Amino acid sequence: GQQVMQIPQYQHVQEGEDFTTYCNSSTTLSNIQWYKQRPGGHPVFLIQLVKSGEVKKQKRLTFQFGEAKKNSSLHITATQTTDVGTYFCAPSSSASKIIFGSGTRLSIRP
Amino acid sequence: KAGVTQTPRYLIKTRGQQVTLSCSPISGHRSVSWYQQTPGQGLQFLFEYFSETQRNKGNFPGRFSGRQFSNSRSEMNVSTLELGDSALYLCASSFLTGLGTGELFFGEGSRLTVL
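Which chain is which? The protein sequence lines are A and B, in order.
Residue 88 in the working numbering sits at position 70 of the first sequence, and the numbers go up by one each step.
Residue 12 in the working numbering sits at position 22 of the second sequence, and the numbers go up by one each step.
Treat the hints loosely; a few may be bogus.
[What the hints assert, rightly or not] DSSO-like mimics (lysine-lysine), calculated; alpha carbons at most 30 Å apart, straight line:
hint : chain 1 : residue 1 : chain 2 : residue 2
1    : A       : 77        : A       : 88
2    : A       : 69        : B       : 3
3    : A       : 115       : A       : 69
4    : A       : 69        : A       : 54
5    : A       : 88        : A       : 75
6    : B       : 3         : A       : 88
7    : A       : 54        : A       : 88
8    : A       : 75        : A       : 115
9    : A       : 75        : B       : 3
10   : A       : 74        : A       : 54
11   : B       : 47        : A       : 54
12   : A       : 75        : A       : 54
[To be verified] Chain B regions said to be covered by chain A (calculated; three or more residues, Cβ under 8 Å):
hint : segment
13   : 22 to 32
14   : 94 to 100
Hints in this document: simulated from the structure, not taken from any laboratory.
This structure is a prediction, so every number in the text was calculated from the model and none was measured.
Built from N, CA and C at the ideal position, the CB exists for glycine as well.
Sequences are here, hints too, so could you generate the full structure?
What follows is the structure, encoded as structure tokens:
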């Protein structure tokens, strides 16, 4: 079955530093989605990547999909306290089943 | 447009009991997925329903079941509750397109505590 690894599990950074989380799959993916879950909240959709090598930006967030469609990354430039939360990758290898990675919990020192 | 509504938000049960959780998706969404979230295991996929049919199922025992009604509302049931079933149960609805997987819209969740 599909295996997804997301690293790191935790990241504690100083406000203003950059942050990156990586998602690696053992199988080729149809697409990959990214979600953010604030403490005490529910996951909220950030973006979906579909094409090999795709790069998308949302303000300070940059999302990449690997050429082989087996890995992806989320990079946040100059973190702010509002970025605190857990970031999940959610790869899909079938049309109706989305499996979530283990998540990377980001905490920030003001 | 109303979001995904889950009821109840909180509930406490004892071992051996059963529980039913409800999820009303966003109007027009026909796909409903259920996830179990625990601190140690993250977000685990339970099952997905589309037009009253279960299309995918995760690796959970048969005590976990679900169904979807003609109005797309969904319920999940857990029978013979165990302590390890304590978790946040999240429902997510999606408007599937011809391109495949759609964005998931999550409800606030139902937090189940089993004593």
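Results of checking the hints against the structure:
1. Of the supplied pair hints, the one linking residue 77/A and residue 88/A holds, its CA atoms being roughly 25 Å apart against a limit of 30 Å.
2. A C-alpha spacing of about 46 Å is found between residue 69/A and residue 3/B, which places the hinted pair above 30 Å, so the restraint is violated.
3. Under the criterion of a C-alpha separation no larger than 30 Å, the hint pairing residue 115/A with residue 69/A is consistent with the structure, at around 19 Å.
4. Proposed proximity of residue 69/A and residue 54/A is supported: the alpha carbons are some 21 Å apart, at most 30 Å.
5. Simply put, residue 88/A and residue 75/A have alpha-carbon atoms about 20 Å apart, close enough for the 30 Å limit, and the pair holds.
6. Restraint check: the Cα-Cα separation between residue 3/B and residue 88/A comes to about 41 Å, which exceeds 30 Å; the hinted pair is violated.
7. For the suggested pair residue 54/A and residue 88/A, the alpha carbons sit about 21 Å apart, so the restraint of at most 30 Å is met.
8. Restraint check for residue 75/A and residue 115/A: satisfied, since their Cα atoms lie roughly 25 Å apart, inside the 30 Å limit.
9. A threshold of 30 Å between alpha carbons decides the hint, and for residue 75/A with residue 3/B the separation of about 45 Å lies outside it, so the pair is violated.
10. Our distance criterion of 30 Å between C-alpha atoms is met by residue 74/A and residue 54/A, whose separation comes to about 16 Å.
11. For the hint pairing residue 47/B with residue 54/A, the CA-to-CA distance comes to about 24 Å; that is within 30 Å, so the pair holds.
12. Distance hint between residue 75/A and residue 54/A is fulfilled; the C-alpha atoms sit about 15 Å from each other, no more than 30 Å.
13. Proximity of the segment 22 to 32 of chain B to chain A, defined as three or more residues with a beta carbon under 8 Å from a beta carbon of that chain, is established by the 3 residues found.
14. Coverage of the segment 94 to 100 of chain B by chain A holds. Counting CB-CB distances below 8 Å, 6 residues qualify, and the rule asks for three or more.
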